[in-house]
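For reference, the chains in residue letters:
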Amino acid sequence: MASRSELADFLANAERRAFKQAMFAVRNEDAALDIVQDSMMRLAEKYGDRPPAELPLLFQRILQNAIRDHYRRMRTRAGQVISLSSLEYEEDGADDPLETLPIDEDLQPFATPHAALLQTETLTLIEDALQNLAPRQREAFLLRYWEGLDIAETASVMGCSEGSVKTHCSRACQSLAVSLAAKGLRPKDSRHEH
Amino acid sequence: MNTEQRFAQPICQALDQGTCALDASITERLRAARERALARQYVLATETQIVGAGGTALLHGHEDERHPVRMLFAILALLLGFSLAYYWNGFSQADENEAIDSALLADDLPPKAYLDPGFQVWISHYAQASGR
Numbered sequence: 001m002a003s004r005s006e007l008a009d010f011l012a013n014a015e016r017r018a019f020k021q022a023m024f025a026v027r028n029e030d031a032a033l034d035i036v037q038d039s040m041m042r043l044a045e046k047y048g049d050r051p052p053a054e055l056p057l058l059f060q061r062i063l064q065n066a067i068r069d070h071y072r073r074m075r076t077r078a079g080q081v082i083s084l085s086s087l088e089y090e091e092d093g094a095d096d097p098l099e100t101l102p103i104d105e106d107l108q109p110f111a112t113p114h115a116a117l118l119q120t121e122t123l124t125l126i127e128d129a130l131q132n133l134a135p136r137q138r139e140a141f142l143l144r145y146w147e148g149l150d151i152a153e154t155a156s157v158m159g160c161s162e163g164s165v166k167t168h169c170s171r172a173c174q175s176l177a178v179s180l181a182a183k184g185l186r187p188k189d190s191r192h193e194h
Numbered sequence: 195m196n197t198e199q200r201f202a203q204p205i206c207q208a209l210d211q212g213t214c215a216l217d218a219s220i221t222e223r224l225r226a227a228r229e230r231a232l233a234r235q236y237v238l239a240t241e242t243q244i245v246g247a248g249g250t251a252l253l254h255g256h257e258d259e260r261h262p263v264r265m266l267f268a269i270l271a272l273l274l275g276f277s278l279a280y281y282w283n284g285f286s287q288a289d290e291n292e293a294i295d296s297a298l299l300a301d302d303l304p305p306k307a308y309l310d311p312g313f314q315v316w317i318s319h320y321a322q323a324s325g326r
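The listed protein sequences derive, respectively, from chains B and C.
Quick note: the first sequence, position 183, residue 183 per the numbering used here, numbers continuous.
Quick note: the second sequence, position 97, residue 291 per the numbering used here, numbers continuous.
Keep in mind the hints are simulated off the structure, nothing from the lab.
One or more of the hints may lead you astray.
Straight-line alpha carbon distances no greater than 20 Å define the calculated DMTMM-like cross-link-like pairs of lysine to aspartate or glutamate that follow [said to hold, decoys possible]:
no.: 1; chain 1: B; residue 1: LYS183; chain 2: B; residue 2: GLU121
no.: 2; chain 1: B; residue 1: LYS46; chain 2: B; residue 2: ASP9
no.: 3; chain 1: B; residue 1: LYS46; chain 2: C; residue 2: GLU198
no.: 4; chain 1: B; residue 1: LYS46; chain 2: B; residue 2: GLU6
no.: 5; chain 1: B; residue 1: LYS183; chain 2: B; residue 2: GLU162
no.: 6; chain 1: B; residue 1: LYS166; chain 2: C; residue 2: GLU229
Quick list of simulated restraints, FRET-style, between CB atoms [claimed, not checked]:
no.: 7; chain 1: C; residue 1: GLY275; chain 2: B; residue 2: TYR71; range: 51 to 57 Å
no.: 8; chain 1: B; residue 1: ASN65; chain 2: C; residue 2: ALA215; range: 25 to 31 Å
no.: 9; chain 1: C; residue 1: ARG225; chain 2: B; residue 2: SER161; range: 33 to 39 Å
no.: 10; chain 1: C; residue 1: ALA226; chain 2: B; residue 2: SER5; range: 17 to 23 Å
Covered stretches of chain C (chain B as the covering partner; in silico rule of three or more C-beta atoms under 8 Å from a C-beta of chain B) [unchecked claim]:
no.: 11; region: 196 to 208
no.: 12; region: 211 to 223
All values derive from a computational prediction rather than experimental measurement.
Note that the Cβ used here is the ideal one computed from N, Cα and C, for glycine as well.
Can you build the whole structure from these sequences, using the hints too?
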């Protein structure tokens, strides 16, 4: 069972990333804070007796469900008939604009990562690009690369197959690369640096 | 590290830096939310302990469930309780039988009369007649 201090440490470490994830998804500060608070409460109440190693995956599952619940509530409130699938990425959709984008197999980190990424302007560009991703792509990208979950864990949190996770991640990277390049942040092939 | 991971790494580093630059009002609200969540876990843990101390730990206390010595004591206490109840019930039954025997012996009617079928028939007729 996670002790109070272990749970406190975990939440203190995860809360800011959780808030940013919620913000990317719902684009509203109060709603994002509510989602994070509800997720933390639910984790403490229902899974407070679980071993500390299980907390990250459980918390992500709760957080992503809370975000999806928010989407559903918003859809109901708006009184619009929007299929939830319209918020998700069509895996085999032929009309996906990202489908037509070329994949650069030699994609490398940014030319001057430390210099560029330390700037607030760069961060804003990245956050904007992430915010503009399709929800499922963003979810997969953040879980897989920011939260550091493996493919199976990401699939479990997202409730989809591992193949779908790979597709979402691949398309998210592709879309981000294009979006950032359009704003002047061009990925550079590191082979040219040597 | 594959191509996607190499691409994602600096982006995630930037996002990490972004979490450090959150407004104080947001970090304060997150801290308050965390405290509320932790208080909830603390309350639940306390409730579990109280239930365990109340003697129903076998059913509700997760800690006690896993404690073999406590389990053994609880089972022994339960068996002792059953034995005492059975023993006490035996005494009560003996007292009751004794009272019936005394009443039969003290009565004017001899006990043999209760074994006579004719007497049984007479009693049933008498009961029917008094019922009218």
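Cross-check of the supplied hints:
no. : hint                                 : result
1   : LYS183(B) with GLU121(B)             : 11 Å, holds
2   : LYS46(B) with ASP9(B)                : 18 Å, holds
3   : LYS46(B) with GLU198(C)              : 35 Å, violated
4   : LYS46(B) with GLU6(B)                : 16 Å, holds
5   : LYS183(B) with GLU162(B)             : 32 Å, violated
6   : LYS166(B) with GLU229(C)             : 37 Å, violated
7   : GLY275(C) with TYR71(B): 51 to 57 Å  : 56 Å, holds
8   : ASN65(B) with ALA215(C): 25 to 31 Å  : 28 Å, holds
9   : ARG225(C) with SER161(B): 33 to 39 Å : 38 Å, holds
10  : ALA226(C) with SER5(B): 17 to 23 Å   : 18 Å, holds
11  : 196 to 208                           : holds (count 12)
12  : 211 to 223                           : holds (count 9)
Going through the hint list in order, the structure does not satisfy hints 3, 5 and 6.
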